[in-house]
Amino acid sequence: MAGSAQQARRMTAELPFGRDAASVRQRVTAAEKLLERAFVIPGIGQPVGLDAVVGLVPVAGDAIGALMGLYLAWDARNLGMSKWQVARMLGNIGIDAALGVVPLIGDLFDFVYRSNSRNLKIILRHLDKHHPSSRIIEA
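Going letter by letter, the sequence shown gives residues 12 to 150 in the numbering used here.
Everything labelled a hint here was simulated from the structure, so no lab data went into it.
Some hints here could point you the wrong way.
[What the hints assert, rightly or not] Think about it this way: if two alpha-carbon atoms lie no more than 25 Å apart in a straight line, the pair counts; the simulated DSS-like pairs of lysine-lysine are:
| id | residue 1 | residue 2 |
| --- | --- | --- |
| 1 | Lys-44 | Lys-140 |
| 2 | Lys-140 | Lys-94 |
| 3 | Lys-132 | Lys-94 |
| 4 | Lys-44 | Lys-132 |
Given only the sequences and the hints, what does the whole structure look like? Please build it.
Laid out in structure tokens, this is it:
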């Protein structure tokens, strides 16, 4: 876990603060990774992130998870995405938060319904269409 904390600090120190499409792409991708795939559960190999971990705390954890997820929607709105796309993102966050409140079932739901990953796909689709030069080729 200490290695994950060091990796997270290093990753956030390298994130750009610009409003250009390439900077937004890097930030939202890093935020999604932190919220949904920060580390792997030993034994089952299932990646989890802060959203699922804080969701284990009844009610307050789901509210905190939703607030963290709102960052992606906020960055999408600043990017100039349509109201419809931002509304879809807010709907994903709302579904995740509403069902996450249900004890046990909500915790299991966090492993299946990854609202931040869904929202990242919406943002990346927009960036690929409107800002294709911001794409990053991974080796």
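Results for each hint:
| no. | hint | in the structure |
| --- | --- | --- |
| 1 | Lys-44 x Lys-140 | 22 Å, holds |
| 2 | Lys-140 x Lys-94 | 17 Å, holds |
| 3 | Lys-132 x Lys-94 | 16 Å, holds |
| 4 | Lys-44 x Lys-132 | 12 Å, holds |
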